[in-house]
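Engineer: Protein sequences, first through last, are from chains A and B.
Heads up: the first sequence runs through residues 1 to 470, numbered per the UniProt record's numbering.
Heads up: the second sequence runs through residues 1 to 292, numbered per the UniProt record's numbering.
Don't read these hints as lab results, they were simulated from the structure.
Small disclaimer: the values here were computed from a predicted structure and weren't measured.
All residues carry an ideal CB built from backbone N, CA and C; glycine is no exception.
Just to be clear, a hint being listed does not mean it is correct.
Unchecked claim - Chain A is nowhere near these chain B residues, computed Cβ spacing over 10 Å in every case:
#: 1; residue: V111
#: 2; residue: L151
#: 3; residue: G183
#: 4; residue: V235
What the hints assert, rightly or not - Restraint ranges, calculated between C-beta atoms of paired labels, are given here:
#: 5; chain 1: B; residue 1: W276; chain 2: A; residue 2: H110; range: 58 to 64 Å
#: 6; chain 1: A; residue 1: E115; chain 2: B; residue 2: E266; range: 53 to 59 Å
#: 7; chain 1: B; residue 1: P121; chain 2: A; residue 2: A150; range: 30 to 36 Å
#: 8; chain 1: B; residue 1: E266; chain 2: A; residue 2: D183; range: 45 to 51 Å
#: 9; chain 1: A; residue 1: A150; chain 2: B; residue 2: D58; range: 25 to 31 Å
#: 10; chain 1: B; residue 1: G142; chain 2: A; residue 2: D183; range: 26 to 32 Å
#: 11; chain 1: A; residue 1: K290; chain 2: B; residue 2: P121; range: 50 to 56 Å
#: 12; chain 1: A; residue 1: E403; chain 2: B; residue 2: D58; range: 42 to 48 Å
#: 13; chain 1: A; residue 1: D152; chain 2: B; residue 2: Y138; range: 21 to 27 Å
#: 14; chain 1: B; residue 1: G183; chain 2: A; residue 2: G264; range: 25 to 31 Å
#: 15; chain 1: B; residue 1: A195; chain 2: A; residue 2: S409; range: 54 to 60 Å
#: 16; chain 1: A; residue 1: P107; chain 2: B; residue 2: P32; range: 19 to 25 Å
#: 17; chain 1: A; residue 1: A411; chain 2: B; residue 2: I51; range: 52 to 58 Å
#: 18; chain 1: A; residue 1: D152; chain 2: B; residue 2: R54; range: 48 to 54 Å
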Amino acid sequence: MTSQTKSRWADDEEDAALEAQRKREKELKKKAKAEKQRKLEEEEILRKKNFAGATAASEDGVSAHDEVDAELGRPSKRRRLSPEQDQARVEPASAKPLRFPAPEWGPCRHVDNFEKLNHIEEGSYGWVSRAKEIATGDVVALKKLKMDNAIDGFPVTGLREIQTLMASRHENIVALREVVMGDKLDDVFLVMDFLEHDLKTLQEDMLDGFSPSEIKTLLLQLTSAVEYLHSNWILHRDLKTSNLLMNNRGQMKVADFGMARYYGDPPPKLTQLVVTLWYRAPELLLGAEKYGAEIDLWSVGCIFGELLTKQPLLQGKNEVDQLAKIFELCGIPTEATWPGFKRLPNARSLRLPNTHQTTGAVIRAKFPLLTNAGTALLTSLLSLNPAQRPTASEVLTHPYFKEDPRPKSTAIFPTFPSKAGQEKRRRVASPSAPKRGDAPKIVGDAADFSGIFADRDEEEVGGGFALKLI
Amino acid sequence: MAPEPDVTSLSNPLATVEQLSTSSSQLDGVPPDLENSLRFAGAQLTQAAGILLRLPQDIIAQAIVIFYRFYVGSEGGSFRINALKDVSAASLYMTAKISFVPQSTRSVLNVYAYLTSSTSPLRQPSETSAKPNPESYYLSEGSYQSARATLLQTESILLRALSFITQVTLPHHLALTYLQTLGVLPPTPTVKSTALAARTLAYLNTGLFSPQLLYLTHQPSALAVAAIYLAAREVGVRLTSAEWWEVFDVDREELGFLVVGLGSCEGWIKGEKGRWLGKSCPLTLEELETEL
Ligand SMILES: Nc1ncnc2c1ncn2[C@@H]1O[C@H](COP(=O)(O)OP(=O)(O)OP(=O)(O)O)[C@@H](O)[C@H]1O
Ligand SMILES: [Mg+2]
């Protein structure tokens, strides 16, 4: 780190005090956790005893149980001598079944258990505020779900957000602690761990962006979250810098599961109305009804580019303009590079020039400081043909992360100046996630984009080069 | 494409000891016997509605588990306050909503109107199938609107009672994977291997109706192992390695319990059906009050 960056992220006394405080809290939490685990184990034992008891109580049960006991080659439970003996029995470590702490269900708690501290952000699906759990003093983020399209009952987007976030336990995914309710049945709040920053605001506030080694760390963290989601058949469908949260310990966590859902293989028909425009994959813009994990990797590519330049990579004004920007950077798809793309609903109304654009050159030109490996990774993530994009697992093993400078360890990641009050985040205008009901089709007047390729392929311009919507 | 799924996605939340020791319904004066019958009737109703709606069996099974979860424990729902037909409908509607096969409120309510009508096949469990009488289950616009309001309100109540845990992992898929791992499901099926797989799944399906709420008290892996154990014994397939269940992290004691639980389920269902022969298990609040 240079001295300039040092002043930006200096570890001052306040930070040290904060760190000490954090350690103390961690100790306490650890203790509480151990206690909870012990209780769980006790319950597990009790539960089993209860059932064994219940079975023994029914006459049928007793005989059947004995029979099974004999078959399984073990002494009948009732013949066991004493609980002490039971405990003394040493089990080989390898034979010990793994136990996963499963959540329990019970009525939602009331939001009154939390004291609101301040508002953070209003988004398209709800508002978020910083709050303190009164009983524990824990600072959390409360996100209120918007219920306005409640004609079909509880909004399916909210149900999926909760379902997928609850199922996701990963160090790079924001932890959902619980769901609480207000006075009315449709006042529903997600209680999440609070994170100090989001990547978008953080980057806007920085003078010269993240260093190459920091970018690698951030990208690895994002990708390992995405790998986890995809391996659990969850699509995020709204990856963008404002949905990536950061704490002061160099950790990034993916948030905002408002668009997330389970998917299948073969992919089911899903809505194309997903992903904020600037991060939306070309197959979505072209109206593909069947798509998969590849759309999230396109967004990862856009985020990668944004981290490198501190600017959103593809800032289209609308769907058509977005496609034009994409083709400008990545070239025009052909039947050879993307077999079948012409059959996508919106591609039919698109008149494309008949050229052989290469993609590498333009991406390389736009990122002159990126190494060969970095360029190769970015180029593959931004493959127009979804089948050519790498999977998240493939990204994680990419040579880019093995060459110097190596990814910076989160332990020595800079701590960002803590905006102590966590006042409302300043937001530069940018598009938000699509709402239900937005038109997914590209319609309208013929658009001529011949100009955008002018400096790329001069011979072709003369040949009536145009990207047209007809 | 994807690597091994995360282990946590293969587990379910389980009922606590406290939740199993008592229930809202019992506190409201519903005898445990009748409570078991009501649970079974609700599960059957959900199953029948799912079939009429042509929902895949896994969606139906998930809805049944959700239905059970609602009525468990002193803080759960009570059969005397939330009618089982409403909770069954809300469970199915909500489960379908987050799946690939969402259903309209209209079709769900039509099906429930039919199944709870006086000419419902559920009311006449014997083979005396009288012709269903459309008059008795036709939903006018007015009654549709009020049924819809009830459905959506029950959905909210259900979600709150479950603290929004809607995830249900079923053991069926796991059981087939285990059979493959055990080498008893060859790529080209034999008569025996087909029977083994079929019986395994049958034990799991019957187990869903267990009065011991096996799907609320045991993880999918344990249910899968016990069903395989029973099916292999029945079909006469030898699972060679001793203590094979430990490979799947299931201990002997839990297996023993589940083998009894799953094995006795069919008999219990028969008894339950006999018990209500000629009359109908109460599906509405009024019917329950009369029964009590
Ligand atoms: N756990 C959290 N800790 C701190 N801040 C958070 C947390 N969750 C969300 N935020 C802040 O609130 C903003 C909005 O949250 P989120 O993206 O989940 O809501 P949204 O309504 O779906 O937003 P949008 O539609 O704008 O994407 C985030 O960009 C972030 O700044
Ligand atoms: Mg967001």
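Engineer: Indicate, hint by hint, whether the structure satisfies it.
Structural biologist: Here's how the hints hold up against the structure:
1. V111: holds, 17 Å
2. L151: violated, 7 Å
3. G183: Per Cβ check, G183/B is outside 10 Å of chain A; nearest 21 Å; holds.
4. V235: Label holds. Min Cβ-Cβ 16 Å, cutoff 10 Å.
5. W276/B with H110/A: 58 to 64 Å: violated, 40 Å
6. E115/A with E266/B: 53 to 59 Å: Once the Cβ atoms are compared, 54 Å apart, the range 53 to 59 Å for E266/B and E115/A holds.
7. P121/B with A150/A: 30 to 36 Å: holds, 34 Å
8. E266/B with D183/A: 45 to 51 Å: About 47 Å separates the Cβ atoms of E266/B and D183/A, which means 45 to 51 Å holds.
9. A150/A with D58/B: 25 to 31 Å: Given range 25 to 31 Å: holds, Cβ gap about 27 Å.
10. G142/B with D183/A: 26 to 32 Å: holds, 30 Å
11. K290/A with P121/B: 50 to 56 Å: Given range 50 to 56 Å: violated, Cβ gap about 38 Å.
12. E403/A with D58/B: 42 to 48 Å: holds, 46 Å
13. D152/A with Y138/B: 21 to 27 Å: Hint holds: Cβ distance 23 Å, inside 21 to 27 Å.
14. G183/B with G264/A: 25 to 31 Å: Cβ of G183/B to Cβ of G264/A: about 28 Å, so the range 25 to 31 Å holds.
15. A195/B with S409/A: 54 to 60 Å: holds, 56 Å
16. P107/A with P32/B: 19 to 25 Å: About 22 Å separates the Cβ atoms of P107/A and P32/B, which means 19 to 25 Å holds.
17. A411/A with I51/B: 52 to 58 Å: holds, 57 Å
18. D152/A with R54/B: 48 to 54 Å: violated, 19 Å
Comparing the model with each earlier hint shows violations of hints 2, 5, 11 and 18; every other hint is respected.
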